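The sequence shown runs 4 to 254 under my numbering.
Hints in this document: simulated from the structure, not taken from any laboratory. Among these hints, one or two may not hold up.
As the list claims (entries may be wrong) - Subject to a maximum C-alpha distance of 30 Å in a straight line, what follows is the list of computed BS3-like cross-link-like pairs (lysine-lysine):
#	residue 1	residue 2
1	Lys95	Lys123
2	Lys108	Lys121
3	Lys162	Lys121
4	Lys79	Lys95
5	Lys92	Lys122
6	Lys215	Lys89
7	Lys108	Lys122
This one's a predicted model, so the numbers in the text were calculated from it and none came from an experiment.
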Amino acid sequence: SQASLPTHGTPRESASATMSSSQMQEHMMDTNIRIVSPGTGRTVIDEKGNRLEAPEGWEFCPSGDAGVTRKITSKKQYWRVEVPFKRRKISKGVWAPKDVIEWAKSETEAARSTEGYKKKMESAVRRRETRQAEYVEDFTSAVRDFLAFHERYRELEAKLAAAVAAHATPVGSGTVARTERIPIEQRAESAVIAWLRHQTTAYDTMSIPRIKGMRREVRRMLAERSRKLLEAYRKGEDVRNGVIEEVLRRS
């Protein structure tokens with residue numbers, strides 16, 4: 004049988020009878036929805052930099068299971084712990100009443116044990132796999148359109164496009180190929196230039212001075228070098244050392 008959600012108010016509700024209205028308001032503010040930063044132990048840091056202790060009866064539920072988290076946050080009584088990550092913030096989990104967390108986990112487990120849920124998940128996996136396969140095909144085609152090598156290098160063009168796509172398209176890779184903010188043609192071009200930078204230059208082992216804009220300038224210069232290399236293949240010229248061919252042979 005599925006667990007039922009406990010009916011309770013804010014933590015330490017039994018003390019509410021002895022609180023003034025202002026104390027009650029402050030108490031409620033301490034236990035409703037907040038976005039906080041990690042502290043130590045049972046403490047967190049609020050948006051004003053104040054250190055707060057998690058209310059009595061609350062526990063921390065780490066992120067990782069979106070279904071459980073959605074159920075917890077649906078009850079509108081939680082503190083979400085966020086940390087900076089690149090140019091955004093990500094959630095590390097939520098503080099919430101212990102019985103709400105237990106209810107959310109129990110409800111989620113019960114729902115996932117049904118045959119209908121299993122079939123739904125299997126269908127979702129198949130749809131994702133189909134979409135991914137279609138995207139890899141489209142992306143590889145966009146890479147080949149960007150490369151546009153001379154006839155004598157068509158076989159190399161196909162191998163290079165496949166190598167770039169294999170590196171750039173996996174879900175969760177974090178590469179430019181996974182963004183939807185720019186057209187696929189730009190994604191393909193950027194992915195090729197990035198692949199060439201890492202595979203055909205010494206960029207990964209360069210000692211670049213920690214001067215503002217220096218790394219960007221180095222990348223710009225290497226990109227220009229890569230574009231000149233690609234142009235030689237497009238014109239069907241003899242490419243000394245066959246650098247791309249050598250990298251593909253080694254991979």
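**Study point:** Violations among the numbered hints, reported as their numbers in ascending order
**Key:** The structure breaks hints 3 and 5; every other hint is satisfied.
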